[in-house]
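Chains as they are written, first to last, in the numbering used here: chain H, 7 to 473; chain C, 7 to 473.
Treat the hints with care, as some may be off.
No distinction is drawn between identical chains; accordingly, a pair holds when it is met within one copy or between any pair of copies.
Said to hold, decoys possible - As a list, the in silico DSS-like pairs of lysine-lysine whose alpha-carbon atoms are at most 27 Å apart: (1) Lys197 <-> Lys308; (2) Lys153 <-> Lys213; (3) Lys27 <-> Lys16; (4) Lys428 <-> Lys153; (5) Lys197 <-> Lys213; (6) Lys308 <-> Lys441; (7) Lys384 <-> Lys374.
Think of the hints as simulated: they come from the structure by calculation, not from any bench.
Number of protein chains: 2
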Amino acid sequence: LLKKILCLSKVLDFHHPHQLKDGLEGFSLDLPEHAETLEQILVDCRDTLKYGVSTGHPRFFNQLSSGLDVIGVAGEWLTSTANTNMFTYEVSPVFILMEEVLLKKMQSIVGWSEDEGDGIFCPGGTISNLYSILVARYRVCPEVKTKGMGALPPLALFTSEHSHYSVKKSAAVLGLGSESVMVVTCDERGKMIPAELESSILAAKSKGLLPFYVNATAGTTVYGAFDPLAAIADICHTHRLWMHVDAAWGGGLLMSDRHRRKLQGIERACSVTWNPHKMMCVPLQCSVILVKKPGLLQECNKLGAEYLFQTDKPYDVNYDTGDKSIQCGRHVDVFKLWLMWKAKGSDGFGSQVNKCLENAEYLYDQLKRNSDFQLVFKHKPEHSNVCFWYIPPSLRALQPGPDRDRRLHEVAPQIKGRMMEKGSVLIGYQPFGDKVNFFRCVFSNPATQPEDIDFLLNEIITLGADL
Amino acid sequence: LLKKILCLSKVLDFHHPHQLKDGLEGFSLDLPEHAETLEQILVDCRDTLKYGVSTGHPRFFNQLSSGLDVIGVAGEWLTSTANTNMFTYEVSPVFILMEEVLLKKMQSIVGWSEDEGDGIFCPGGTISNLYSILVARYRVCPEVKTKGMGALPPLALFTSEHSHYSVKKSAAVLGLGSESVMVVTCDERGKMIPAELESSILAAKSKGLLPFYVNATAGTTVYGAFDPLAAIADICHTHRLWMHVDAAWGGGLLMSDRHRRKLQGIERACSVTWNPHKMMCVPLQCSVILVKKPGLLQECNKLGAEYLFQTDKPYDVNYDTGDKSIQCGRHVDVFKLWLMWKAKGSDGFGSQVNKCLENAEYLYDQLKRNSDFQLVFKHKPEHSNVCFWYIPPSLRALQPGPDRDRRLHEVAPQIKGRMMEKGSVLIGYQPFGDKVNFFRCVFSNPATQPEDIDFLLNEIITLGADL
Ligand SMILES: Cc1ncc(COP(=O)(O)O)c(C=O)c1O
Ligand SMILES: Cc1ncc(COP(=O)(O)O)c(C=O)c1O
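One chain only, chain H, in its complex shape (with noise of 0.2 Å):
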């Protein structure tokens, strides 16, 4: 029943940015001067739900994080009444204690032995894969941290043209510079091609560069792919390059016996970014980046702070963890994932993974009997992204060529804009390479059902029929 009502419910009611602002039947955004009274506080709650987007319903398949875990939020309620911080033991004893639990046990499913293996909670897979450059150049280097790049020959580091654009803007931030980012070649599928990756390298030497890094995508964002793991290990290994994987969106398939497979190799690497907030479902924010080597993200990091980290504490300071940290508060991002595994166990995780890719391969199955719709590439999906083109009736006769391809751009844009004038689902599009605007479907909340795929489809047909 519970179902049927949020499927009935609306996903958005969309308003354009003047409308909202110009206040909408008496929800003004306005700062007052003034308290107002706890009623209209109650009031504009609920217009802010009310014009908000529902990313819990079954039928949002916009991002990579949604779904609403009951469990989660009530973790996330508890988090916020406690109202503290990471970076001591002192305020924050259990929460520091929970995070130690849950790194040392994501670092053994990533396959790390017992004495292996360090990592933070951090505010995002963007922030996480910064950590992994920013350790990786201070192992070459660790003069970096009180030179700065002065220290250092001018440095290469690579990934794949399917990976995260968060590897290009860390390289920006961190003062390496975007072009300092060598970008490898990918197979049709959206995989880092090996061979590519290693010529990559070589011309990088030969240019007088310093290759030091190799950023692997586990789960790439757009096509869902896996880099061939264990090939960019033996890279990394003859070329003495520190191995991060991108697990970001991948991770989750860690949890599956069946799935997991997929990531061989990630026990290799150096580094792994990996978000629960993802393919977990765990609200938002819960990112963490783990290190293989035990005590490098606290040498980058340190810089011993004496208000904050005393020595003369009387207890155990190396439970004082701020000092790892490019941060100083921290918010406790753990406590909503420690209590969801409590509440599924780790097999529980397992089946919600499992089911969100077999929602991914019925939305497979169904395009390729249905000639209304094109898939973007033809392999069964390995993660949970489908992408595919609807071909609108004005289409089906075009030949191939630049022409379709121009009208064709158009298509996916002019059905997600009467989508969310609608209201009744959402999914995302993007461009990519030569490929002109394509949908992007992703699943990861488990709520969701085939009927609501098949209402995705159905839908697509019925607002794209005049096109």
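Mind docking chain C with the ligands on chain H? Use the hints.
Chain C with the ligands only, in chain H's frame:
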């Protein structure tokens, strides 16, 4: 009554890491293979709170963030129920507009004109400070984004010896190196000495460094000092340097008609860090970076990932603010602040700040008249920090000197240890420069009353009587 109960309840129920890890009274941190029962989940939640620290307790004086604002917590609860992401208008229409409204408001409170001002909410004051250096570096040389630090001569930045360690940490992260940070001497009250800044700039220039950035602190972490902003602005103007004001802690005073003059000159800053999660008692995390020149943040950080920031969307894509950020996914930190502002009004925040500063004055007055205590500096507090030593009976007859210092240094940690065991009250301590360990009391919890302050002093006297 509630107040009575709270005060009788403990601030914390301290256990050492090994005690908590061994599993106290059945509280196990371990992650199960299979789901636990819902009853057990509730017990886990209860235990988590039981062994945690009550940062909202009126007798928690340990950290800059304290207190528990009921409306703020309600705001955080709604936020986690909405469980969305700040990267695009599409998935966060209401929160994106609230962010715009709040940033504009805070900019006008800083004193910038209507056509000036930009900014973003980010995960903490340290990251806010990092943004300020990142943007300032970009302004000096936009090529740094693509080419890295190699595009620039060796840089120098300036901050006071009392400033927060995040300036050095950020310089290390950004690839400038912590040694590029020139530490400027302060007066005995902890304020940067403008003449020292001036000579430090000249010294850096003569060493061939390029000065580009000055961090002035409005409300230092330990002393609560305000750097002389107007004098620093003059120097920055003369040398054409980026002036940043770290008002992470002191920004809240801008809300008070009585105290905002302490930040005079902040309107001349190029960027400002302001943490509502400190003095304004907003639940963690809530921090902004404000940048005076519009567009710079976006130019500096933009990468234009096509899967998120399509330009053919059915709404004004200027509201997709995600590319201003160094993050990708970004937690919604704005709503709780917005809701608290509705519930208190600007003037409500003002009285709340006034009250905290009255508490600090009350403590200062008590300390002055009680010879068991000694103030670290004689001046009346400008912010809500009060720094002092407790002089136990055995030290009272000793002459000032190394021997007394050595013994005094051990007093605060010992009392703190006993305090944690007892759990009745919590206050921080640290050494600073040539000053041995002293207590730092900070007030940001409006629930604290003069009687709690009396309690604190009595407790210190009781716990330290035999030292
Ligand atoms: C003056 C000052 N700036 C910056 C910060 C860092 O803020 P956050 O802990 O939110 O990173 C602090 C924290 O105490 C501070 O006191
Ligand atoms: C592969 C990959 N890595 C990293 C990220 C960044 O994660 P976050 O949004 O938490 O910063 C994403 C986000 O979509 C991603 O898909």
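Each hint tested on the structure:
1. Lys197 <-> Lys308: between (36 Å within a copy, 26 Å between copies)
2. Lys153 <-> Lys213: both (24 Å within a copy, 15 Å between copies)
3. Lys27 <-> Lys16: For Lys27 and Lys16, only the intra-copy Cα distance (21 Å) is at most 27 Å; the inter-copy one is 46 Å.
4. Lys428 <-> Lys153: neither (56 Å within a copy, 45 Å between copies)
5. Lys197 <-> Lys213: within (26 Å within a copy, 49 Å between copies)
6. Lys308 <-> Lys441: between (45 Å within a copy, 23 Å between copies)
7. Lys384 <-> Lys374: within (9 Å within a copy, 79 Å between copies)
Hint compliance for this structure: hint 4 is the single one not met.
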